[in-house]
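Residue strings, one per chain:
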Amino acid sequence: MVGTAAVALEEPLREEVEDVVIRFAGDSGDGIQITGGQFTQTTALAGNDLATFPDFPAEIRAPAGTTFGVSAFQIHFGSRDIKTAGDAPDVLVALNPAALKVNLGDLRDGGLIVADTGAFTDRNLKKAGFEENPLENDSLANYRVVAIDVSKNTLEAVKDEGLSQKEALRCKNMWTLGLVYWLYDRDRKPTFDWLTGKFKSRPEIANANIAAVNAGHAFGETMEVSDGGVAYSVSAAEIDPGLYRTVTGIEALSWGLIAGSQSTQLDLFFAGYPITPASSVLHTLSRLKEFGVITFQAEDEIAAVCSAIGASYAGNLGVTASSGPGIALKTEAIGLAISVELPLVVINVQRAGPSTGMPTKTEQSDLHQAVYGRNADSPLAVIAAKSPADCFEVAIEAARIATKYMTPVMLLADGYLANASEPWRIPDATAIEASPVSFHTDPNDFHPFLRDETTLSRAWAVPGTPGLEHRIGGIEKSYSTGNISYEPENHQKMTDTRNAKIDGIAKDIPDQTVELGGQGGKMALVGWGSTYGPINRAVQILRSDGHDVSHIHIRHIWPLPANLESLLGGYEQVLVPEMNTGQLLTVLRSEYLVPAEGLNKVSGQPFKVAEIVDAVRSRLEK
Amino acid sequence: MNVQTPPEKLTAKDYASDQEVRWCPGCGDYAIVRAMQKTLADLQSPPEKTVFVSGIGCAARFPYYMATYGFHTIHGRAASLATGVKLANPDLDVWVISGDGDALSIGGNHLMHVLRRNVNLQYILFNNEIYGLTKGQYSPTSRLGTRSPSTPLGSVDAPVNPASFALGCGAKFVARSIDSSQKHLPEVFARAHTHQGASFVEVFQNCIVYNDGVYASFTEKGAAEDNQLIVEHGKPLVFGKERDKGIRVKPGAMELEVVTIGKNGVTVGDVLVHDETNKLVATLLVEMERPAFPVAIGVLYCNPSETYDGAVRNQIEQAQSKGGKPDLNALMRSGPTWTVD
Numbered sequence: 000m001v002g003t004a005a006v007a008l009e010e011p012l013r014e015e016v017e018d019v020v021i022r023f024a025g026d027s028g029d030g031i032q033i034t035g036g037q038f039t040q041t042t043a044l045a046g047n048d049l050a051t052f053p054d055f056p057a058e059i060r061a062p063a064g065t066t067f068g069v070s071a072f073q074i075h076f077g078s079r080d081i082k083t084a085g086d087a088p089d090v091l092v093a094l095n096p097a098a099l100k101v102n103l104g105d106l107r108d109g110g111l112i113v114a115d116t117g118a119f120t121d122r123n124l125k126k127a128g129f130e131e132n133p134l135e136n137d138s139l140a141n142y143r144v145v146a147i148d149v150s151k152n153t154l155e156a157v158k159d160e161g162l163s164q165k166e167a168l169r170c171k172n173m174w175t176l177g178l179v180y181w182l183y184d185r186d187r188k189p190t191f192d193w194l195t196g197k198f199k200s201r202p203e204i205a206n207a208n209i210a211a212v213n214a215g216h217a218f219g220e221t222m223e224v225s226d227g228g229v230a231y232s233v234s235a236a237e238i239d240p241g242l243y244r245t246v247t248g249i250e251a252l253s254w255g256l257i258a259g260s261q262s263t264q265l266d267l268f269f270a271g272y273p274i275t276p277a278s279s280v281l282h283t284l285s286r287l288k289e290f291g292v293i294t295f296q297a298e299d300e301i302a303a304v305c306s307a308i309g310a311s312y313a314g315n316l317g318v319t320a321s322s323g324p325g326i327a328l329k330t331e332a333i334g335l336a337i338s339v340e341l342p343l344v345v346i347n348v349q350r351a352g353p354s355t356g357m358p359t360k361t362e363q364s365d366l367h368q369a370v371y372g373r374n375a376d377s378p379l380a381v382i383a384a385k386s387p388a389d390c391f392e393v394a395i396e397a398a399r400i401a402t403k404y405m406t407p408v409m410l411l412a413d414g415y416l417a418n419a420s421e422p423w424r425i426p427d428a429t430a431i432e433a434s435p436v437s438f439h440t441d442p443n444d445f446h447p448f449l450r451d452e453t454t455l456s457r458a459w460a461v462p463g464t465p466g467l468e469h470r471i472g473g474i475e476k477s478y479s480t481g482n483i484s485y486e487p488e489n490h491q492k493m494t495d496t497r498n499a500k501i502d503g504i505a506k507d508i509p510d511q512t513v514e515l516g517g518q519g520g521k522m523a524l525v526g527w528g529s530t531y532g533p534i535n536r537a538v539q540i541l542r543s544d545g546h547d548v549s550h551i552h553i554r555h556i557w558p559l560p561a562n563l564e565s566l567l568g569g570y571e572q573v574l575v576p577e578m579n580t581g582q583l584l585t586v587l588r589s590e591y592l593v594p595a596e597g598l599n600k601v602s603g604q605p606f607k608v609a610e611i612v613d614a615v616r617s618r619l620e621k
Numbered sequence: 000m001n002v003q004t005p006p007e008k009l010t011a012k013d014y015a016s017d018q019e020v021r022w023c024p025g026c027g028d029y030a031i032v033r034a035m036q037k038t039l040a041d042l043q044s045p046p047e048k049t050v051f052v053s054g055i056g057c058a059a060r061f062p063y064y065m066a067t068y069g070f071h072t073i074h075g076r077a078a079s080l081a082t083g084v085k086l087a088n089p090d091l092d093v094w095v096i097s098g099d100g101d102a103l104s105i106g107g108n109h110l111m112h113v114l115r116r117n118v119n120l121q122y123i124l125f126n127n128e129i130y131g132l133t134k135g136q137y138s139p140t141s142r143l144g145t146r147s148p149s150t151p152l153g154s155v156d157a158p159v160n161p162a163s164f165a166l167g168c169g170a171k172f173v174a175r176s177i178d179s180s181q182k183h184l185p186e187v188f189a190r191a192h193t194h195q196g197a198s199f200v201e202v203f204q205n206c207i208v209y210n211d212g213v214y215a216s217f218t219e220k221g222a223a224e225d226n227q228l229i230v231e232h233g234k235p236l237v238f239g240k241e242r243d244k245g246i247r248v249k250p251g252a253m254e255l256e257v258v259t260i261g262k263n264g265v266t267v268g269d270v271l272v273h274d275e276t277n278k279l280v281a282t283l284l285v286e287m288e289r290p291a292f293p294v295a296i297g298v299l300y301c302n303p304s305e306t307y308d309g310a311v312r313n314q315i316e317q318a319q320s321k322g323g324k325p326d327l328n329a330l331m332r333s334g335p336t337w338t339v340d
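For the protein sequence lines, the chains are A and B, in the order given.
Counting from 1, position 3 in the first sequence corresponds to residue 2 in numbering that gives the first Met the number 0; the numbering is continuous, with no gaps.
Counting from 1, position 208 in the second sequence corresponds to residue 207 in numbering that gives the first Met the number 0; the numbering is continuous, with no gaps.
Note that these hints are calculated values from the structure, not bench results.
Each hint should be verified, as a subset may be incorrect.
Unchecked claim - Here are the simulated lysine-lysine pairs, BS3-like style, with alpha carbons at most 30 Å apart: (1) K220/B / K234/B; (2) K182/B / K321/B; (3) K262/B / K240/B; (4) K199/A / K321/B; (5) K506/A / K492/A; (6) K37/B / K234/B; (7) K492/A / K521/A; (8) K321/B / K288/A; (9) K197/A / K321/B; (10) K403/A / K288/A; (11) K240/B / K37/B; (12) K134/B / K249/B; (13) K126/A / K100/A; (14) K126/A / K151/A; (15) K288/A / K199/A; (16) K197/A / K134/B; (17) K165/A / K126/A; (18) K165/A / K199/A; (19) K262/B / K403/A; (20) K199/A / K324/B; (21) K249/B / K278/B; (22) K199/A / K188/A; (23) K220/B / K262/B; (24) K182/B / K8/B; (25) K288/A / K240/B; (26) K403/A / K48/B; (27) K37/B / K288/A.
Quantities reported herein were computed from a predicted structural model and do not represent experimental measurements.
With the rest of the complex left out, here is chain A:
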């Protein structure tokens, strides 16, 4: 099934394809994420639309060759708009047997496997659970296979650079990248530039990696696969004009926080405690000190949120980020911020739970925690990002709501959004709508719970302001003086006011729009967060098949948009796809008494488009 011939094709016949899904997979030490990142960059520069899905184990260096140590990076790119990282890979690059074992099930029939025979040793095969070498029997008959000793070829390619055997073998990933570049007609130069910059102080490493890319590419030129060509081209997509870059959710979130601090004209204070997959926000912001950002790695999650509240009290935009278990620890302090009515942005990069769960796998199962998960009647605002790039706008919106309404805002992202990347038309930071904060400075008739009549927001008087010295705390306070109060009627009034303040935000957010489809019809698919891509693509496909379905995607989870109830009323059926067991679903049902149904997936993996399409079809064709 494998043939490598020395027939060099000068101009390979390339088959034009609309979109392609490639998955790189190997040991967590094989440099898979770097390979994927480079392919992404090059593909973006080639003008394709794209979406990526990095999927890696929680273990930093799991024992080599094991199935639980497999790291993968999937990219979906094409000449049309790309909404998801793709259901089934067309190409699987497997740098060892474990990578093949774990990922083979996802590969489409007839897909291409590139396997490193050098890593298919008896020992590795056994570790991966293969009884015999799948490259040497007919178990892969449904696929096309390029089996090549990547290790040996890489060592040969880099031998002139004088690297140690270990260092030389690290170039394996670049050899495969070169081969895949050839398969899809990608330009090698962006990767050469990146390698030269990255290994500036060790040019021999840069040169070796470049040699490996070139060798992989050259191998492609001379390669022959038994049942037909493997050279493809993917034309550029039609994309709105503008200046683009690729962006991950973490980058967009971090830059959005800076933009939010600029639009509110506050200094940004960010406190975090290391937790997967939220730590990268702390890493990103700690490198941006020139923006005046204070980053604080606290001793625990509680100290992180408390220091952010302290910073807000002193007049900064206090922000903290974590994932579900860390948010649970912060909960008491979030209640304090609700009680003393201070701005606070709490980012939850959700992951699979409960408890430690699966830290590197994605899930959307903290919506109830965000909306309801506190002692007492403790309302706050909840908003969710739908894509990596959307994190930017959502962060700005979180800063606006937190400061305008003097409230904690929970910003929901998830592990998939955080690590995935997509092309982004870079916004103009100077064009972001300003929502400047003005601190209270007038000592006349001042008390700390003076309220704005429209927003019900309390006066923000920061320490350092003469004449406004005051005391606040978590004890209930008098509506009319701000002093401690245990009066029954007052507690009722304060509870009602806190609720009314948050409910009132609904008047200050855009009406819910329909992403795709009509304002009414047979079925609405209502999503939130990172399910945006698969839902949108599924609705696209269903609509082109003639189904009367629409996609509604909710950014403002709490309070919900004012028109949502009437909007949902226009559809015969409401289906809510979520990566949980039905959390937005229960919120919608309890708020609106709509007979919505759930479509739920909790495997740690994003929805496949086909899963949604099939689920809708089976309901509509019932």
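Please build the complex by placing chain B on the supplied structure of chain A, with the hints as guidance.
Using the frame of chain A, we list chain B on its own:
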């Protein structure tokens, strides 16, 4: 606007808020709040730049009684809140008010880190060796055998020594005083205020309801002089009604002993001279326990080093001095970009 011109000189009364004090009559906290108001008047601290941050417990009500900025937060977390306040605005003078349960039980972790980081604030721990607000359970500083609602047969776990804990955490300023010592207490508070960095002050505070007289053996009239050692930098460690007792390093051993001056050939010259910059001396002094030793009071250790908030600001200023004005547009356009026409 009719901003009032502040009086030329603020008095202790000017630092008292209009709120009715709600501690039990006779509580040691009254004396501490009085001493604090006197301290701030002595220092002429601007009320608008002074912030009291507390956790939960009897002591934590303290900020309500001060006519400054105040934040009554949640149990154990005052140090973390205060760290955020100080990082956000280093011009503020931040005082943390805590009790033995708040600081050393639920908040022990935060106390450790605020001290080792050396955040420039004052941490005042009111130690009454009991949980007062929750009605009398034993606390992490209660002595072995303390009978309380939760330990009717006596507590069986060893207490923590707050000053020793603070030194172990790397605190650069550790002091002790007593609620009723209305002359000494403001002096210690003022020293804590002057010190740049995290200043830790343990105040022995009497809980009249649940633990009355727990410090009587060294605070009551008649007992104090023979059972307290008031330390002063550069002065010999002498105590006693007749000023005839001293502390010295036991010859041939790494420990302290009490000696009587004028007996067995001992002179004042043999007595250890207090060096507040010497951590080893401080470590030995805080471990002295009655009845074999007097209880050491005063500034036991003071050895300033760079503050955390100062270092954080320095890094930001250095980053800002390198480039021009920070530009978000430039940041977002750094790295590979491409133009679609």
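Mind checking the alpha carbons of K199/A and K324/B for me, to see if they're no more than 30 Å apart?
-> Given that 30 Å is the threshold and the Cα spacing comes to 28 Å, the pair holds.
Holds or violated: are the alpha carbons of K37/B and K234/B at most 30 Å from each other?
-> 26 Å, holds
Do the alpha carbons of K182/B and K8/B lie within 30 Å of each other, as the hint requires?
-> 20 Å, holds
Given pair status - K199/A, K288/A, alpha carbons within 30 Å | The hint holds at about 25 Å.
Quickly compare the C-alpha distance for K403/A and K288/A to 30 Å and report which way the hint goes.
-> 26 Å, holds
Taking 30 Å as the top limit, are the C-alpha atoms of K134/B and K249/B close enough?
-> With Cα atoms ~43 Å apart, K134/B and K249/B exceed 30 Å; violated.
Keeping to a limit of 30 Å between CA atoms, is the pair of K321/B and K288/A held or broken?
-> Holds - the C-alpha atoms of K288/A and K321/B are around 11 Å apart, at most 30 Å.
Would the pair K182/B and K321/B pass a check requiring their Cα atoms to be no farther apart than 30 Å?
-> 50 Å, violated
For the pair supplied as a hint, K199/A and K321/B, confirm whether the alpha-carbon distance does not exceed 30 Å.
-> 22 Å, holds
Are K403/A and K48/B close enough, with their CA atoms no more than 30 Å apart?
-> Holds - the C-alpha atoms of K48/B and K403/A are around 25 Å apart, at most 30 Å.
Quick one, are K262/B and K240/B close enough, alpha carbons at most 30 Å?
-> Roughly 16 Å separates the two Cα atoms, so the pair holds.
Taken at face value, is the distance from the CA of K403/A to the CA of K262/B at most 30 Å?
-> 74 Å, violated
The structure shown violates the earlier hints numbered 2, 7, 12, 16, 19, 25 and 27.
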